[in-house]
Amino acid sequence: MFLYPLGLVVQESLAPGAYADVFASQAFREALVTTVWLAAGATVGCLVLGFTLALIIAFVPFPGGRAVAKFIDVFLSFPSFLVTLALLFIYGTVGMANGLWTDVTGAAEGPFAFLTTPWGVLLAEITYFTPFVMRPLLAAFSQLDTAQLEVASSLGARPARIVRRVILPEALPALAAGGSLVLVMCLNEFGIVLFTGAKGVTTLPMLVYGKAILESDYPAACVVAVVNIAISVGLYALYRVVSRRVGAQR
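All residue numbers for the sequence shown refer to the numbering used here, where the first residue is 1201 and numbers rise by one.
Hints listed in this document are in silico derivations from the structure and should not be mistaken for laboratory results. Where a beta carbon is used, it is the ideal one built from N, C-alpha and C, also for glycine. One or more of the hints may lead you astray.
[As the list claims (entries may be wrong)] For each label pair, taking beta carbons as the anchor points, the in silico distance ranges come out as:
#: 1; residue 1: 1311; residue 2: 1244; range: 25 to 31 Å
#: 2; residue 1: 1267; residue 2: 1314; range: 38 to 44 Å
#: 3; residue 1: 1270; residue 2: 1309; range: 38 to 44 Å
#: 4; residue 1: 1314; residue 2: 1373; range: 33 to 39 Å
#: 5; residue 1: 1442; residue 2: 1339; range: 17 to 23 Å
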């Protein structure tokens, strides 16, 4: 049942000249570049922020730490547009930050307008997808033998050295899993780009929407969809190969 509609998409994409027309289109090339750099940038941001936050939650005692860890599980069930709407309420043109600025300074408009730029999309994706990196990291940290940390600390190792030599090697599989998941999800993200209303930001999913709904060019939409699927499947296959080799070496 799942493969049948996918087969129809592939079949529709095989219309005469469809691939040549799409690949020759500047809009497709720009959408491909935008999709790749947004996905790569969001993945790097999620890995750095997710690793840092997971370290704090797992190893730095603070009130409410367990509640925060539980909230991450709940956050994973949220649709992406909720995070985007929250950012719009805060940093949008008529959001709280701009409203506070105009009230205090008397200016006609506030300075925060980045949500309608690629950087706004990047911020929204990092905000939404970071918990997808944190969840496997917290699971990995819960299995870490704390005796190793105590021994390293007793030998005079500084916190940064303990993280680099003890914690990070144990976290690499979880980082790879979370990062791969975030990369694939960012490549296929539609709601965040749509709800930010970012001007000039067209990703492959947005191009599929535009070709199919706005232009009624279904063969071109299917070609872009096939390319998007091929990239996602290729990245997943690469992750599986790398993870197996790393697992065999360990």
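- Pairwise beta carbon distance, residue 1314 to residue 1373, judged against the given window 33 to 39 Å: Holds - the Cβ-Cβ distance for residue 1314 and residue 1373, about 35 Å, lies within 33 to 39 Å.
- Message: Assuming the hint says 38 to 44 Å, is it satisfied by the Cβ distance from residue 1267 to residue 1314 or not?
- Response: Between residue 1267 and residue 1314, where Cβ atoms are some 31 Å apart, the hint is violated.
- Item | Whether the CB-CB distance between residue 1311 and residue 1244 falls inside 25 to 31 Å | Hint holds: Cβ distance 26 Å, inside 25 to 31 Å.
- Item | Distance restraint evaluation - residue 1270, residue 1309, Cβ atoms, bounds 38 to 44 Å | holds (40 Å)
- Query: Are residue 1442 and residue 1339 spaced within 17 to 23 Å by their CB atoms?
  - Reply: holds (20 Å)
In this structure, the one hint that does not hold is number 2.
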